[in-house]
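Protein chains in written order, with our numbering: chain Z, 19 to 333; chain B, 279 to 624; chain G, 10 to 351.
Rather than coming from a laboratory, the hints here were simulated on the basis of the structure. Be careful, since some hints might not be right.
[Stated by the list, open to error] Chain G regions said to be covered by chain Z (calculated; three or more residues, Cβ under 8 Å): (1) 73 to 84; (2) 98 to 108; (3) 116 to 124.
[Said to hold, decoys possible] Residues from chain G that face chain Z, not an exhaustive set, calculated with beta carbons under 7 Å: (4) Asp111; (5) Pro129; (6) Ile132.
Built from N, CA and C at the ideal position, the CB exists for glycine as well.
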Amino acid sequence: MPDQARQPLGAQEDATAEGLTAGASEATPEPGAPHGLWTDAWHDLRRNPVFLVSALLILFLVLVALWPGLIATGDPNHCELIRSLEGPSAGHWFGFDTQGCDVYTRTVHGARASITVGVCATLGVALLGAVIGGLAGFYGGFWDAVLSRLGDIFFGIPMVLGAIVFLSMVSLGGIWPVVLIIAALGWPQIARIARGAVITAKQNDYVQAARALGASNTRMLLRHILPNAVAPVIVMATIMLGTFIALEATLSYLGVGLRPPTVSWGVDISAASDGMQFRNAPHILLYPAGALSITVLAFIMLGDAVRDALDPKLR
Amino acid sequence: MLLDVRDLRVEFRTREGVVRAVNGVSYSVAEGETLAVLGESGSGKSVTAQAVMGILDSPPARVTGGRVLFQGTDLLRLGEEDRRRVRGERMAMIFQDALSSLNPVLPVGYQLGEMFRVHRRASRKEARERAVELMDRVRIPAAGARAGDYPHQFSGGMRQRIMIAMALALEPELIIADEPTTALDVTVQAQVMDLLKDLQREFGMGLILITHDLGVVADVADKIAVMYAGRIVENAPVADLYKRPAHPYTRGLLDSIPRLDRKGRELRAISGLPPNLLRIPPGCPFHPRCPQVRDVCRVDPPPPLYEVTYAGRDAEAVRAAELMPDDPSALGRASACHFWKETVGE
Amino acid sequence: MSEVLLEVRDLVKHFPLTQGVLVRRRVGAVQAVDGVSFRLREGETLGVVGESGCGKSTVAKLLMHLERPTEGKILYKGEDIAGLSGRALKSVRRNIQMVFQDPYTSLNPRMTVGDIVGEPFDIHPEVAPKGDRRRRVRELLDVVGLNPEYINRYPHQFSGGQRQRIGIARGLALRPEVIIADEPVSALDVSVQAQVVNLMERLQDEFGLAYLFIAHDLSVVRHISDRIAVMYLGRIVETGTDREIYEHPTHPYTQALLSAVPVPDPSATRERERIILTGDVPSPADPPSGCRFRTRCWKAQELCTRVDPPLAVPVVFAKASGPAAHESACHFAAEEPSATAV
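With the rest of the complex left out, here is chain Z (with noise of 0.2 Å):
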């Protein structure tokens, strides 16, 4: 009997294994390549026409910020008010504005203050707000309760309105204020966001399996807990991206944002809104806000491709 009751065992082993080999070699075109979400994402990804296309449009945009001579070679500051409101030529495809400069060169240096903005702000947004969302998430209780109504205070406060209080108050130039800013307004929307995926990740059995091991906090919260919930984080920081851009060029076209003489699209587009200059040249406003469009659009679109790739649900 015990030979009997033995044998089913080893039999079982053997079966398991086997069952494995080919359990693997199905789920995975790559027989042995690991894979987890991020591979499943990226397979997803390679194939979405979305995502190829914003992401092209992006790194040529990526590019041209951080290497304007490339594809434009002159001054972005050289006018010569002689040539005011010409318009679009063969050696100057955009035209000239008011001032007389080159419209064409103007937009493409825009793109460095516009997309550093953009990114900066979206990181300190990101940080901000997953450190502050992630712990009062992973502590819950009284901490948890305190951020969560911070976060609220500052969810409150409009965005636009906010940034021209404090931009008319501090009166300083450069980018940097702007960035402050919509990264001290805008971190609410990803902590609330970071929170809601560190409790989902907080109560997965695993994360309970290390704590039963004698797991610190750090380990289970670097480990087991944001690893697996950073993917919204990510998805929404990059739709958010592209927000930035815009809300910078709203400021700067309110004349709080960004000022002369730095280049960006939102300065030049608050130079060429008035509605005279308009009717009689109109590509002075259409060149950088065409360029702000596509812009916020590549980066709204790639948001969307990468919350598809990501969210688990769709699967």
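With chain Z held as given, fit chains B and G onto it using these hints.
Here is chains B and G on its own, set in the frame of chain Z:
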């Protein structure tokens, strides 16, 4: 025959390839009869039922063949509008998870009444009365007072009763219950199964009970279809299946579950894993796990459903004990195993 | 008799129910566990059965220090570990490990099998020197019946049963004496359950483990357990050896529970007389006075609403030495010939 499913085939198109979830399933249910469809996850038992109901998500699912004859009409050939009418009034489904099947923001009485308002054009007042009547019928205590409550205010067992009431509302001829008691506690499970049995007797409807639990089936079913890898591997009247399984898979299942009324030392586990439906093994899909496997099992075509005949006394004994209905065709057994004789004779 | 490893005395866990956002007001308590006592000896299996909401999973969490008890003692080899923290707690944890119910949420999807099974060594570096860990992980995989070559794979590449084996390997890594298994097979397919149950039995023999096996499936519990405790609404209502509980139950709840279990044998089913309980389990936030089972009990009398029956050998059986003489928390404890497992 109330429902006659013939050679049904369903596929899912996924990123990894074509998942063959149902591969030529045939079964039938008569009025007043209970068919249990038994299988593990991935056996295709639920997908078959969804195809019968016409509630498959397609895409990714696609019915690629077969017929679903409901009182002689092939449902797969009906238009969407006609199909919906059949679905609402003549066949109904009960799901495992009652909470997610009920609308959380509407009172249960209203949701029950809506059935009468939509299908029977009942007045508001009449609908409410019928709803309370139904809740009474599924033995919900203080039905009149509770009709205004929301789903989350009911316990799991009560919610499943409400689902049953909803399925019964239009007095359908066929009810498909997909793991109706799996989410419930043992004592509540017994209540709900009893209720379902009584109501079926009362209304005389056909019942398809989909489950993975060999115990639940033994209690209520007239006949059983055992599914594995999208095929029926064994068909049998309930008493015969437990007494003399004719397929090694059924036999393995019966041997591998611990029994409340027996205590043995080691369970005889079925080795290996259920197959991945992306790559169903050639030949008999059970062959990699089968203790009786021979060379012929490893090659296509897969074994057909052989008719299992009783060797003399057994059938007589079964019939004498009056465990079977009189209809001799109900005794028909089938097994998709080349060596069913050995299995049944062991 | 072998040594008592784990002893629980009058364990109580009440989860406060609060209202309010920043300032929380206590408006009541869910009495998840309310005065539970039991002992677990070296190498034995104690099965804990009960329906959802009876507190069996909370008991597991309390033993694992995942929750703090409101009251009561948890003794490990005679030492109260309920109040421990820091280093002392960590060293106790080495000896008590857990296997979880859901093989899909209990393994971190971002970690390889090697990292998951090896994590106990990262947390308790004294157990295995750094260079030795991979080898130990491979050994563990082999022990639970998985191919050690799969050390670099991710959990989602495995089936439910295989994942449960990975979870068991993680639980074994520190060579614990006690394993608390909370519904370890209930999420698995029927044909795979038996493999895991057999594995757990083999490991028990091999490593001399003591199991606290928590489940709602009475058949599985009977199969694996030496002794059984039946829980209802935060209390143990009856406890004894498997024969005492399954063949000679004296508490009406145990009797009802056993008779409700469907048996995969139509002829047996037709012979059995079933006790079908009415109603649902009352809310643990507002349990009935006196005996907690009285609201669904067919034997309930006025006495039951007033006096909470203690868990003890009933007076009627005190003199007898038969299998009916075991602890049962009922004023009217009696054997019910029709309501046994056989």
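Now for the hints, and whether the structure bears them out:
1. 73 to 84: Result for this restraint: holds, n = 3.
2. 98 to 108: Per the Cβ count (6), the hint holds.
3. 116 to 124: holds (count 6)
4. Asp111: 6 Å, holds
5. Pro129: 5 Å, holds
6. Ile132: 5 Å, holds
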